[in-house]
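2 protein chains.
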Amino acid sequence: MQRALNIARDRFADWYQAVVAGADMAESSPVRGAMVIKPWGYGVWEQIQAELDRRIKATGHENCYFPLFIPLSFIAKEADHVDGFAKEMAVVTHHRLKMIDGRLQPDPEAKLEEPLVVRPTSETIIGDAFSRWIRSHRDLPLLINQWANVVRWEMRPRLFLRTTEFLWQEGHTAHASEAEAVAETAMALEMYRSFAEDVLAMPVIAGEKPENERFPGAVATWSIEAMMQDGKALQAGTSHFLGTHFAEAQNIKFQDDAGTLTLCNTTSWGVSTRLIGGVIMTHGDDDGLRLPPAIAPRQIVVVPMLRDKPEDEHVMAYCEELVKSLSKLSAFGQPLRVLLDNKKIKSAEKRWNWVRRGAPLILEVGPRDAAGANVSMMRRDDLRDGDKVKSVIKPRQDFLENAVQLLTEIQAGLYAEAKARLDANIKTGITDWAGVENYFAGGDDDFKGWLRISWSKPTGDALEKIGAQLKALKLTIRNAPLDQPETFAKCLFTGAAGVEEILIGRAY
Amino acid sequence: MQRALNIARDRFADWYQAVVAGADMAESSPVRGAMVIKPWGYGVWEQIQAELDRRIKATGHENCYFPLFIPLSFIAKEADHVDGFAKEMAVVTHHRLKMIDGRLQPDPEAKLEEPLVVRPTSETIIGDAFSRWIRSHRDLPLLINQWANVVRWEMRPRLFLRTTEFLWQEGHTAHASEAEAVAETAMALEMYRSFAEDVLAMPVIAGEKPENERFPGAVATWSIEAMMQDGKALQAGTSHFLGTHFAEAQNIKFQDDAGTLTLCNTTSWGVSTRLIGGVIMTHGDDDGLRLPPAIAPRQIVVVPMLRDKPEDEHVMAYCEELVKSLSKLSAFGQPLRVLLDNKKIKSAEKRWNWVRRGAPLILEVGPRDAAGANVSMMRRDDLRDGDKVKSVIKPRQDFLENAVQLLTEIQAGLYAEAKARLDANIKTGITDWAGVENYFAGGDDDFKGWLRISWSKPTGDALEKIGAQLKALKLTIRNAPLDQPETFAKCLFTGAAGVEEILIGRAY
Chain A
1 MQRALNIARD RFADWYQAVV AGADMAESSP VRGAMVIKPW GYGVWEQIQA
51 ELDRRIKATG HENCYFPLFI PLSFIAKEAD HVDGFAKEMA VVTHHRLKMI
101 DGRLQPDPEA KLEEPLVVRP TSETIIGDAF SRWIRSHRDL PLLINQWANV
151 VRWEMRPRLF LRTTEFLWQE GHTAHASEAE AVAETAMALE MYRSFAEDVL
201 AMPVIAGEKP ENERFPGAVA TWSIEAMMQD GKALQAGTSH FLGTHFAEAQ
251 NIKFQDDAGT LTLCNTTSWG VSTRLIGGVI MTHGDDDGLR LPPAIAPRQI
301 VVVPMLRDKP EDEHVMAYCE ELVKSLSKLS AFGQPLRVLL DNKKIKSAEK
351 RWNWVRRGAP LILEVGPRDA AGANVSMMRR DDLRDGDKVK SVIKPRQDFL
401 ENAVQLLTEI QAGLYAEAKA RLDANIKTGI TDWAGVENYF AGGDDDFKGW
451 LRISWSKPTG DALEKIGAQL KALKLTIRNA PLDQPETFAK CLFTGAAGVE
501 EILIGRAY
Chain C
509 MQRALNIARD RFADWYQAVV AGADMAESSP VRGAMVIKPW GYGVWEQIQA
559 ELDRRIKATG HENCYFPLFI PLSFIAKEAD HVDGFAKEMA VVTHHRLKMI
609 DGRLQPDPEA KLEEPLVVRP TSETIIGDAF SRWIRSHRDL PLLINQWANV
659 VRWEMRPRLF LRTTEFLWQE GHTAHASEAE AVAETAMALE MYRSFAEDVL
709 AMPVIAGEKP ENERFPGAVA TWSIEAMMQD GKALQAGTSH FLGTHFAEAQ
759 NIKFQDDAGT LTLCNTTSWG VSTRLIGGVI MTHGDDDGLR LPPAIAPRQI
809 VVVPMLRDKP EDEHVMAYCE ELVKSLSKLS AFGQPLRVLL DNKKIKSAEK
859 RWNWVRRGAP LILEVGPRDA AGANVSMMRR DDLRDGDKVK SVIKPRQDFL
909 ENAVQLLTEI QAGLYAEAKA RLDANIKTGI TDWAGVENYF AGGDDDFKGW
959 LRISWSKPTG DALEKIGAQL KALKLTIRNA PLDQPETFAK CLFTGAAGVE
1009 EILIGRAY
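As given, the protein sequences belong to chains A and C, one line each in that order. According to my numbering, the first sequence is numbered sequentially starting from 1. According to my numbering, the second sequence is numbered sequentially starting from 509.
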């Protein structure tokens, strides 16, 4: 059987790399851990950005841009202040290069008095601005978002999932009360949940992270967790309630109605290019990527079947008219994104290119289709009948009338498929540690999904111990789903009364 | 007389700072030379980005993203290869911080084997990718664009005009022939000219830079130059024909039809957040910023005049309906951007805020306006009658019917005003150096505009000498306009036969 990739999902890590390469989305760069995002990958990011940006603005947030470099003293203040502070960061120490002994190198005379850190996240530098911008309760809530690149040194990089540099948005807000800040955190979490499910067609479980998985300095961290096709979890977005911790370190205060200076409550929340990795591992199949139409840079690709013959001209004219008609339609609130692939390569090569790239609908048009006012259609979400590729001849007019409906169906179908997988692979009913060990005995590559278990929500050292116990099986607590039952089984770890259900699993 | 700013354009540098602060567009950051771009400033950038991105894509370019960090060896290769290579760059030397003797500092054990440079521009890192991506003539032309932040260490920073970090787009293309690459460079230049004039309402002169002002490594550099209200030039965009220089250094080759490996011809071109500085210095007046409607984040602002009285409710309902009706209209190919300013501050304060921010149309609506189905309208481009602010009462229906036309008129009016100033302040007829010295005798702050003179286009040392001569008067050659006469006066510098006319002036 001809497949568009030469590797299947049973070798998941290799398959992932093959999908990224086959869809021409990204590649490693000469700088260790950093990636080059190629047009098709960046096109997906542009769709994610555009739709999420609309949602961020619709909820009252304004975009700003803050400096890439953060003075070391800001980071030091945070480090003093925050347990679990991460130290792997790129540090700028010089501002000039000089040719010394025939070799270009940092100029010792241009050493910075204070080193600068390349932002790993912007709480400190944005907090510094907040402390200047906020004077009175009239300045609150302050609702800011930034689209930016950030850098976190990665020892084991992986395209989109874990790269030294990545692109993201980070929301940062300040509020007059704890209740308002908590509500903001919940708003962001729900925005991410609906974005992941409705736009990326990627079902997620929204919930609160346990204490040992919180963002350093946060009072509470919530996440959305998605299940990949190897059963591992991908943390796909986080929302942090920071209480007054950062406000204290950075002097973010407001004068309340009574004239008293009071600390603000702040939040931060973000999603990144990691989402693209999530989309790939949620929807990809053995032929490559399948893109949800809502974020496909091209939702419909028209491939003219040209043969260097006189009838080519008619085929091209027919295709051009088809693209024009389709481009007038709208789906998911935006004009359809349609491409006429007129590259000078073989049609068969084009077909496989678009299959690997996951274009939702691929139309091939040859002289017979053009003459008969038809199109030959492939649905990427339903590509094969057994081993054979399904190409269905449809009257052009029918296709035009149903194109939007088809895209909506594909979007819903991809979601339903992933949702069924998620639901089927959250195992309940395991109540003791032996059960856990037994369940995950099969090693890292075994598809096991997640466990949903009951616990007593221990903290501090008791929680550390549980974390270590889980880590030995390469497991982590993903989150405590928002949706909780009314009564709980006994704590799987301590045997004490259960107070919460949590998800545990292997993760990226 | 009440002005929205307390400083006028006769103190231009201070006025500029006051406009940026008064319009709440940007501020200096704790990192020397870097800026924080605030919502109104970033909003302008988003409009610039959106419209320019449409034009970049419409001309066949695809967006990508390349790494922020460039290995020092790449830069060294460029330095070997290129005269005039700039060395002021931020250098990353460590990838970890460590607490040593109670002080957080770069960890000596995490020193990078090869330092990384924070991109000042991306020719080298993109060229490296091109050398992998291009195999045959079928891969050409390769037309790529990137939106990114770049860093160039600045000793005398100025918000938007010259900052250590700034945002920009950089186009990078590779072609099979010199002719195609030159045509691409011209295409980019014309795209910038029309964008500056039609969208930013900022008239420019497009032309070629003299040899001594070229981008290092370029065979030819073209620019658009705009005249600010102090008579100085702002280089607002550049387009470089790089010949095969970069292709040679980076091994960017293709197999032509005959199977021969041949060097590509490459180009690069960019505009940056500097354009925002240009818009401010082109259109601002003594009341602050005036924004061309095509890039105003809000084109119409509706200010309800509330007085904590029962009729407020009716005023608000009336305003909401008005905003809703306006938002259904389109101007400049996009839906109108309309804001209902319902902040809880005094209406008079709101008025001056929007005047300073340069919103093209400001509507104030009080109970009497609401009752009479009117609006009180201010045009930012025509704000005053003598000292008095002009607020004109208009029937709501008339306003709705004419709003788009009004915005179009404002856009055209701002352009016409700036164009008249540019045309009136390019002085011709000076034919010797004494004339130049005499004309620019008045010092830096004297409004002098530019000279258009004839020269013999000397190169090498002769040109260096002229450059030094000009520099003593703080002058530079801006460019040789595309539009040239058929015959030329003698060279102002050498007395030899003239071959070209050039613009000289003071510049940012």
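Check the hints yourself; a few may be wrong.
As the list claims (entries may be wrong) - Straight-line C-alpha distance at most 30 Å; calculated DSSO-like pairs for lysine-lysine:
id, chain 1, residue 1, chain 2, residue 2
1, A, K57, C, K836
2, C, K998, C, K973
3, A, K87, C, K998
By construction, these hints were calculated from the structure, which means they are not laboratory data.
Comparing the hints with the structure gives:
no. : hint               : result
1   : K57(A) to K836(C)  : holds, 18 Å
2   : K998(C) to K973(C) : holds, 18 Å
3   : K87(A) to K998(C)  : violated, 65 Å
Checked against the numbered hints listed earlier, the structure breaks hint 3 alone; every other hint is satisfied.
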